[in-house]
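Asker: For reference, the chains in residue letters:
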Amino acid sequence: MNDQRPVVIIIFVFLVGAVLLTKLFMIQVMDDSFMKRAERNAIQRIVDHPYRGLVYDRNGKLLVYNNPIFDLMIVPKEFEVGDTTRFLELFKISKEELIESYQTARNYSSVKPSTFIKQISTNEFARIQDFLIDYPGLFIMTRSVRSYPNPIASHALGYIGEISGRQLERDSSGYYVQGDYVGLSGMERFYEDELRGEKGVKYKMVNVRGIDKGPFKDGEFDTASVAGHNINSSIDMELQKYGEMLMMGKTGSVVAIEPKTGEILSMISAPFYDPNSLTGSDFGKSYTALNKLETKPLFNRPIMATYPPGSIFKIVQSLIGLQEGILTPETTFACNKSLVACHNHPSPVNLFGAIRNSCNPYYHQAFRQIINQEVSSNTFKDTEIGLDAWRERVLKFGLGGQLGVDMPNEKIGDVPSSRYYDRVYGEGRWKYSTIYSLSIGQGELLVTPLQMANLAAIFANKGFYYTPHLIRAIDGDNTKIPKEYQTKHMVGVDAHHFDMVQDAMVQALYGTATRAIMKDIQIAGKTGTAQNPHGEDHSVFIAFAPKENPQIAIAVYVENAGWGGRAAASTASLMIEKYLKDSISRPDLENYVIAGNFIY
Amino acid sequence: MRETDININRVDWITVMIYFVLVMIGWFNIYAAVYDGQVDKSIFDTSINSGIQLVWIGTAIAIIIVIMAADYRLFENLAIPIYLVMLVLLLLTPFIGKEVNGQILTIGFGSFRIQPGEFAKFATALALAKFMERPTFDLSKTKYQLQAFGVLLLPIILIILQPDTGTAMVYFSMLIMFYREGLPQKYYILGIGIIAIALLALGIENNLYLAGAIVVIVVILIIMGKKTPQQIIGFSVIGLVLIAFTYSLDLVVSKLPEHQQNRIMVLFNPDLDPLGVGWNVTQSKIAIGSGGLAGKGYLQGTQTKFDFVPEQHTDFIFCTLGEEFGWLGSFVVIALFVTLLTRLVFMAERQKNRFNRIYGYCVISILMFHFMINIAMTIGLFPVVGIPLPFFSYGGSSLWSFTILLFIFIKMDSARALQLGRMG
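In order, the protein sequence lines correspond to chains A and B.
Counting in full-length UniProt numbering, the first sequence tops out at residue 600, every number present.
Counting in full-length UniProt numbering, the second sequence tops out at residue 424, every number present.
No lab work stands behind these hints, which were simulated from the structure alone.
Small disclaimer: the values here were computed from a predicted structure and weren't measured.
Backbone N, C-alpha and C define an ideal beta-carbon position, used for all residues, glycine too.
Covered by chain A, per the in silico footprint, the following chain B stretches (three or more residues, Cβ under 8 Å):
(1) 297–307
(2) 326–335
In silico DSS-like pairs for lysine-lysine, Cα to Cα no more than 25 Å straight-line:
(3) B:K296 with A:K202
(4) B:K41 with A:K213
(5) B:K296 with A:K213
(6) A:K217 with B:K41
(7) A:K112 with A:K95
(8) B:K296 with A:K36
(9) A:K204 with B:K296
(10) A:K217 with B:K296
(11) B:K296 with A:K23
(12) B:K41 with A:K204
Kindly generate the complete structure, drawing on both the sequences and the hints.
Answerer: Shown next, in the form of structure tokens:
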């Protein structure tokens, strides 16, 4: 019997070998989860954050840059405080703060670094730098935050902040992770892809205690970060600064455009805020505070506030009438105040006189002819057809839709269609008498200040516009800007119709906005007064200058400031002078605007 | 004329070769386990474990030479005295030894320390061989069974007192030798059955299922059997005893010290506490499992190198091998052990006297146990038991004791021609 037993023992030996090898085969070859777990164990992925692109103004002056900030880091295990009093003095913290920060760091990890004092300023850093060597376990980590040499153009430039959970969910690129900074408004958001650069990544090995054991595979898989593209904005820093000085203490918008390119020279939303307040660790606190203010400084008025266009819309009506052949420069209507109120001026007037005097009854009668062209014998049907045909023409002026400016959240304003009136009054139950307010820019019409400035640019260009935009070049190359900003949009009105309109706009200043007149620069402009049921009317003015070869088109809104001829026209005139001549020859007018007493 | 003792031609060179191959692979793996790319110390640097291990290897070779040069009768003659000396050392260890982690395992002066528990293995092997070589010694008889267990039990008790349960368990491996020497097969069948039921009882959450299964088996056996009253009663009693055993096992486990309980529970559910008790096994499996088919390459392992696996140069040395050389590396080492053990069985069977054969089977038993349990624990097949992988693990006591154990047998084997046949 014992002769079999050595064989049994050998079989047992082989069996054990087979069992071990089978199990090893299962965990080593069949199951790759251990490989992943090993990587998670020992390989740490460290993101190398790129420098965000800088933003310059149209003349190459710096608007936004990255300011290094310094975080004091601590490795609790290595930390030695030494002389506590000296330490507290040096770092300007209390004993309680020291104990608390230290405990927090220790609770996180005693061997891994964590933040000890956040965001030390450059000056503070310079002060403590030399003493750091006395404190093992403390070191400085450099990060950067957005910074603004001049606290201007906050709405146009926008701000960056930590990416939100919702944004992360929607992000299909997979580029972002929790804690990443991302453009949240203005150009920062619109040009996020250009500005952000590309993250780099370093793989390093760590041991069981999280201590760095050098690069993984000698850095074979590491990539360097790529800095973001620098952007040249079309904003003129000096003009922007000057405009913000004028708008100080007021509520409203200023949008200035270079007509032949659509480049936005200045975009002011008043009241404004210091863009430096929405950077770094103060972001949350400042944002909440700004958001609570009743003056709504975060509200980007030039593209988000909508007002009735008022009298300025009469120019659009004139151009449509001319193009339709309904009006000619000689078309005359009486100033019949029984139709709609008007102020006193010679009557009857031709088209030129109507623009110059802003005659309401003229447009009441002209608009009726534009709308009711007797295409249908049914007056209701005829009005509907006329309104929609008219609306098509108005939309071509960039109204009633997003222009497509390079900022998020642009409002579309409103140009009502027949569908709208059908809904409100019922189909076939409204006619010209229902909608006549549209003739003088009232009623349901709503436009944004940006759309108004674009109108001024259209008038200056005699019938075309480029979508207004804040970008001028990417990395100094102006061909890199989005194609839509290089495309000419025709408004469908022949250029020669604009000649008379431009002349009338020059003359209009002498009627309603004498303050805006300049001796040596011919300004074409039009005042408006946006009716405000909640208080004083808003002062509105659009203009372009010089009349021959226009360089700047501008729209100014000053809320609750009454007539367009006062606050808005004065501000616009000063802006034009500043841009074209770079100096102000009318200190009295400047003081008048700064003082801001427009109601009297 | 007396033939000279050292006859090179009679030495079993296959075994010697396997021994040296294993020792060298072990040495390279010890270097890999402590290797730090940032410091870049040489494998010979005695400030790291690989350098020290080289010293142990050198002294082990000296020991081999001494053993091979000694008179072949020496070991048989000194078997009992060596055994007694070892018992005394084991007895003294708790009093003169040095305490580490609550265990007192080593004695010695300064940095020179030996672990009597390791050396007691070959001493017990020699004693058992000497004790059992009598022709009248018959393991099928209860009297001799008790005597053999007695010789085994003395060192076991002394080692448990240190306490070093892992090393004590090694002595039970002698059951392999007892099997060869004629311990009746029924004990083994019973033992395997009990272990199987114990594993099932611990592994299956609800003992009711197991009890039900036992009842079903008993009923089937009764129906298929001779249906005599004795057999029916016999099967029923065995069934009831087994069910009682099943339920009492949980109670027994709950009486064990907590760390031993945890080691058992982790075996059945490795994710039970991956950062606590499960850490060793989990990290060990990650290290080995991440090796893949061909491994990450020598010195390229991250898990063992960066200390994720505790005790990686001693008891968990197999992790380094598995991680850096993958399944193919594991295959080579396991194949070497299987070849070595098979060769030793062959050698034991060609011995002309019972003393040599019994000693040979003792060597087989001890090596088999270490090889099987050590690797099984690193891959989660067996609870963590602190025993080294023969010839591989770092440490002088372990390398020396395995070397002495193996080479005494190689010496005996080389001198077998000089001995008279005195088989029982």
